[in-house]
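Construct the entire structure; sequences and hints are all you get.
As you go down the protein sequences, you meet chains A and B in turn.
Here the first sequence is numbered in the working numbering, starting from 4 and rising by one per residue.
Here the second sequence is numbered in the working numbering, starting from 4 and rising by one per residue.
Think of the hints as simulated: they come from the structure by calculation, not from any bench.
Watch out, some of these pointers could steer you wrong.
Intra- or inter-copy, both count: the list cannot distinguish identical chains.
Derived pair list, reagent style DSSO-like, types lysine-lysine, alpha-carbon separation capped at 30 angstroms [stated by the list, open to error]: (1) K256 with K494; (2) K507 with K13; (3) K256 with K19; (4) K390 with K256.
Values in this document were obtained by computation on a predicted structure and should not be read as measured data.
Number of protein chains: 2
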Amino acid sequence: MKTKEIKRPKVTITDKFWKERMEVIRNQVLPYQWDALNDRLPDTEPSHAIENFQIAAGEKTGEFYGMVFQDSDVAKWLEAVAYSLENNPDENLENIADEVIDLLERAQGEDGYLNTYYTVKEPDKRWTNVRDNHELYCAGHLMEAAVAYYKATGKEKFLHMMCRYADYIGTVFGEEGIKGYPGHQEIELALVKLYDVTGNDKYLNLSKFFIDERGKLPHYFELEKENRGDTQPFWFHNDHAYSQAHLPVREQKEAVGHAVRAVYMYTAMADLASRTNDESLKRACETLWENVTQKQMYITAGIGSMEFGEAFSFDYDLPNDISYTETCASIGLVFWAKRMLELQAHHTYADVMERALYNGTISGMDLSGKKFFYVNPLEVQPEACEKRHEKKHVKPVRKTWFGCACCPPNIARLIASIGEYIYTQSENALFVHLYMGNQTKVNVAGQQIDITQQTNYPWDGSVSLTVSPETEANFTIALRIPGWARHASIKVNGEVMDYGELVKDGYVYINRTWKEMDSIQLDIEMTIERIQTNPLVRANIGKVAIQRGPIVYCLEEVDNGKNLPSIFLPRDAELTATYDEHLLNGVVVITGKAERINQNAWGSDLYRPARQTRDIVTMKAIPYYAWCNREAGEMIVWVNER
Amino acid sequence: MKTKEIKRPKVTITDKFWKERMEVIRNQVLPYQWDALNDRLPDTEPSHAIENFQIAAGEKTGEFYGMVFQDSDVAKWLEAVAYSLENNPDENLENIADEVIDLLERAQGEDGYLNTYYTVKEPDKRWTNVRDNHELYCAGHLMEAAVAYYKATGKEKFLHMMCRYADYIGTVFGEEGIKGYPGHQEIELALVKLYDVTGNDKYLNLSKFFIDERGKLPHYFELEKENRGDTQPFWFHNDHAYSQAHLPVREQKEAVGHAVRAVYMYTAMADLASRTNDESLKRACETLWENVTQKQMYITAGIGSMEFGEAFSFDYDLPNDISYTETCASIGLVFWAKRMLELQAHHTYADVMERALYNGTISGMDLSGKKFFYVNPLEVQPEACEKRHEKKHVKPVRKTWFGCACCPPNIARLIASIGEYIYTQSENALFVHLYMGNQTKVNVAGQQIDITQQTNYPWDGSVSLTVSPETEANFTIALRIPGWARHASIKVNGEVMDYGELVKDGYVYINRTWKEMDSIQLDIEMTIERIQTNPLVRANIGKVAIQRGPIVYCLEEVDNGKNLPSIFLPRDAELTATYDEHLLNGVVVITGKAERINQNAWGSDLYRPARQTRDIVTMKAIPYYAWCNREAGEMIVWVNER
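The structure is reproduced here in structure tokens:
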């Protein structure tokens with residue numbers, strides 16, 4: 004029985020900014036990743052992911068190779084393919100996906116089990132190390148892919164395969180079975196998706212079991228470890244905080260441990276809270292949301308500041324040059340934000356989601372879709388990445404592929420499904436969270452409604468919407484006024500609205516009787532902002548970041564020369580925004596006069612009594628997401644202020 | 004045959020600042036370390052160092068325990084004892100030292116070999132891993148101790164023991180023997196000391212052999228490794244730069260690798276350059292000196308900015324919060340500076356030596372001599388040391404002892420021998436490098452001369468010297484004018500000197516006929532300086548450090564509250580120096596008005612458009628060396644400037 008139905012608008016993206024990226028995913032990333040999964044790329048670590056399935060299916064001989072979670076690369080690729088097919092039908096691509104699904108079917112056990120690592124390498128050891136070995140994580144990704152593929156194509160085969168797998172897992176885990184849960188959360192949110200499309204309660208209940216069981220005493224990971232005869236202390240300070248299993252989830256107040264695991268779990272918690280009306284789970288989500296976004300999030304929406312454990316460190320600890328800020332973690336933050344919006348329409352959730360989408364997620368891929376960042380630093384000095392041991396994880400340029408290839412397929416599936424993040428809806432209202440060009444069919448108040456958005460966002464805050472219900476109908480369109488906006492105006496059918504009293508939690512609730520081709524014109528003022536950080540963040544004291552609309556800016560060496568920290572932005576410096584269609588596929592650049600320490604005025608001294616020798620220079624900032632698309636070099640987000 | 008005799012003044016320290024520290028060494032550190040070496044300390048990792056010698060001597064049964072270089076702790080203790088006896092005869096202490104020397108004698112092999120690790124644990128493996136196993140390093144420390152003990156007591160036994168050991172090593176290594184050299188340099192400088200007291204050329208030649216052989220191809224460490232059957236890549240990027248063996252020493256232009264090894268080697272290079280008039284070695288020293296002091300040295304004279312390899316990282320890479328800056332490395336820098344002064348009297352060498360002595364070396368010990376820093380950071384946030392993995396080596400409070408206990412005995416021997424760093428001499432001149440109270444007998448121009456210095460340095464730049472030759476004699480007293488001094492005046496016998504034309508390389512050469520009780524009054528203006536760093540040091544851009552005379556200041560949480568980076572020192576703020584006799588055994592504190600970001604004006608926002616909300620506060624700075632002698636808390640050296 005479903006307690007709350009989540010309706011899903013059918014969105015087609017027409018937006019220049021996002022359409023371009025979706026094309027890159029379709030034309031570049033998906034084919035490239037397909038080659039990677041099949042080990043057809045020269046000069047790249049082999050993936051072996053498809054071959055693992057072939058071996059598991061008994062169609063090839065050989066050994067399992069790759070990460071214990073290698074299967075998930077195939078799953079995420081399939082999921083991205085599904086989203087891409089939804090926006091852009093492509094028979095050839097769909098045929099390839101069908102073949103992969105057939106292969107998966109042949110590799111799947113009689114009992115529904117599907118994991119190439121265990122099937123090939125340790126067939127007798129299933130479920131003996133769910134803390135480390137990503138069995139349930141891979142299952143979750145396969146389930147997500149199956150749901151997406153079913154929605155995109157209507158084909159049920161993959162979905163049924165994964166229901167069989169989920170059914171089997173339900174016989175292994177649960178009150179009557181293993182009272183364990185995954186070391187890397189993921190299946191929890193996937194099971195909710197499976198529940199959403201099948202309506203089968205047992206998937207929701209299994210997800211809830213995993214979430215509720217987590218962190219209870221006696222601790223399952225300890226029991227499991229003892230059963231394995233493992234006597235080593237766990238490498239992460241011997242602390243289950245690494246996988247957010249240090250406490251029952253409702254008692255967790257601070258984000259700790261591996262950032263991707265954390266946000267995947269919080270996503271599932273929010274999913275369960277909305278579907279089961281679980282107030283305690285909702286409160287836990289809100290508390291953790293506040294902690295992450297008010298104390299542990301970079302301005303790019305990067306999270307997880309520490310390389311050790313790919314983890315959160317502690318409140319207000321946000322160093323720019325040794326950050327971890329994994330692409331996948333910001334992607335997970337988008338997932339979570341969307342679920343929080345489904346629980347409650349509050350602009351803070353959409354603001355963070357937007358911040359992640361336009362900054363710390365898409366920075367993970369170059370403009371051509373050929374190279375990827377795993378780590379998205381906010382300050383880079385290439386020499387330090389090479390020579391300073393603590394910065395070895397910070398790469399000054401994107402790489403073509405990774406041995407641990409979680410990020411590239413994750414960003415592919417995010418971008419391909421960007422349409423899922425624009426709207427949410429309740430019985431009688433449609434919430435517009437993001438502004439980007441799209442044509443959407445949605446059912447509100449029992450009406451089929453066509454919505455179109457046209458905008459040049461994120462470069463311009465002008466958004467035109469048309470709202471066309473089949474027949475006249477009364478319902479609410481709730482428009483988000485971004486948290487960064489100093490001013491916004493709304494016209495409905497050309498008439499200026501005084502919306503002051505209609506605003507709640509950052510949304511303007513426009514309730515009226517809508518008729519065919521009603522228009523809304525939203526104009527959000529996009530001013531250039533100098534953003535400062537809470538002074539408890541030591542790394543950013545005395546510095547500002549430049550932001551315009553949702554876009555966070557950075558300075559690159561290619562525009563500003565070496566030693567970027569020697570640039571000081573005076574408080575009264577005038578900054579100018581200019582759209583440059585030839586730069587980086589078209590971006591608004593920000594320029595202004597700044598002061599710069601005159602290096603030439605220094606001799607060989609390392610230290611000297613202070614005196615000021617500064618020149619006036621022109622500073623040029625580009626969007627952070629687009630950095631490192633020209634030459635390798637230094638980059639900073641936080642600029643010294645004078 | 005000696006090519007150049009290095010004369011050594013006989014110095015007795017009377018200085019308040021240093022005498023106090025020497026008393027702490029004598030009354031606290033030496034007894035404490037003696038207990039440590041004998042495993043009599045509760046709650047402390049056992050040292051086992053004395054017991055290792057007892058086992059090696061066949062007087063106890065048991066296994067070797069501790070670091071492979073555990074013997075050196077005993078050696079450094081004996082050396083410190085010797086220096087202490089020189090300034091403060093102490094029969095009881097001397098008896099203990101004699102007993103230790105007797106024990107060492109019993110542990111020494113027939114052939115002269117003395118190393119407890121190999122004797123007890125791997126008797127057949129001598130000299131099979133000189134890259135890693137510190138055999139020659141320990142030998143060097145024992146030789147240094149023997150020389151010091153001989154000079155302090157006149158007893159020759161220990162010296163003879165170590166000559167036997169050196170003689171034996173000379174039969175193993177050399178053109179006709181193993182063409183190898185130590186992984187951790189130390190014996191090179193020790194052999195020069197042995198040469199200086201014995202006049203035996205073969206010790207000088209063996210030292211020269213080790214230095215000249217280093218880094219040659221085919222590479223000895225590779226040959227040795229192959230002989231051991233070791234096929235692993237060397238952990239430090241598989242690079243001999245770790246131990247400065249990547250190139251022949253004369254071709255080395257940049258300081259690389261393990262900082263302590265580096266400066267011990269540079270010390271020996273300078274020693275050899277002066278004793279063999281080796282110009283190429285002198286030039287190599289000068290090049291390396293410039294690199295270290297102009298590109299890789301903290302303002303505290305801390306060196307080695309990277310925990311990985313306890314190593315130099317690269318030019319201008321001087322982060323304050325993850326620095327390594329090992330106490331031993333700054334001590335080694337003092338050794339090296341002294342040798343450079345023996346090659347050439349130039350104030351830069353003395354300036355750096357003084358910077359190290361008053362800052363980054365003595366910071367390694369608390370005022371009571373009970374606790375020690377291995378790492379001397381320039382910025383500490385205790386929570387980060389605990390929770391941020393890259394900072395785990397930075398301890399927010401000093402520790403009582405270390406498993407790797409190199410630093411405490413090293414600082415003991417430095418302080419106990421502080422008198423060795425005040426003067427150098429040439430045939431006809433006495434150079435005064437450091438200002439501190441002392442009574443000294445020195446032979447210049449064939450005359451026995453009594454020198455006294457009285458001063459309240461480092462708190463006051465007024466220094467009174469008396470110069471009393473036995474009979475009237477013409478010679479030069481060369482007084483250093485510190486690089487930090489803006490102005491200094493000199494009176495000889497009460498008469499103001501216009502010394503402008505007598506200055507060379509920062510020394511005022513006063514040549515005259517001196518007679519009994521001639522007086523020199525030197526007054527060096529000690530202004531409070533705001534020091535800035537070459538802007539290529541990214542970490543310090545926009546910041547200043549406070550320095551007065553040789554003392555570098557810092558801000559501590561106990562005086563200034565939490566979140567020290569939120570304090571901004573205005574450029575025009577008046578700073579006041581006040582001597583506080585009750586604080587930290589008497590220090591000059593520096594206070595002034597500063598601005599501080601008002602944390603209360605921030606709500607829960609992490610980011611917001613920039614606006615200024617600053618309060619005026621009183622800032623209080625204390626000498627860096629004395630930090631962490633009250634409560635644990637934050638500390639910074641580099642203060643934001645406005």
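Checked hints:
Taking the closest pair of Cα atoms, K256 and K494 never come within 30 angstroms of each other, the shortest separation being 42 angstroms inside a single copy and 70 angstroms across copies. Within a single copy, K507 and K13 get their C-alpha atoms as close as 26 angstroms, which meets the 30 angstroms cut-off; across copies the closest is 84 angstroms, which misses it. In this assembly of identical chains, K256 and K19 lie within 30 angstroms of each other by CA distance neither inside one copy nor across copies; the values are 40 angstroms within and 54 angstroms between. Taking the shortest Cα distances, K390 and K256 sit within 30 angstroms of each other only across copies (17 angstroms), while inside one copy they are farther apart (38 angstroms).
The structure shown violates the earlier hints numbered 1, 3.
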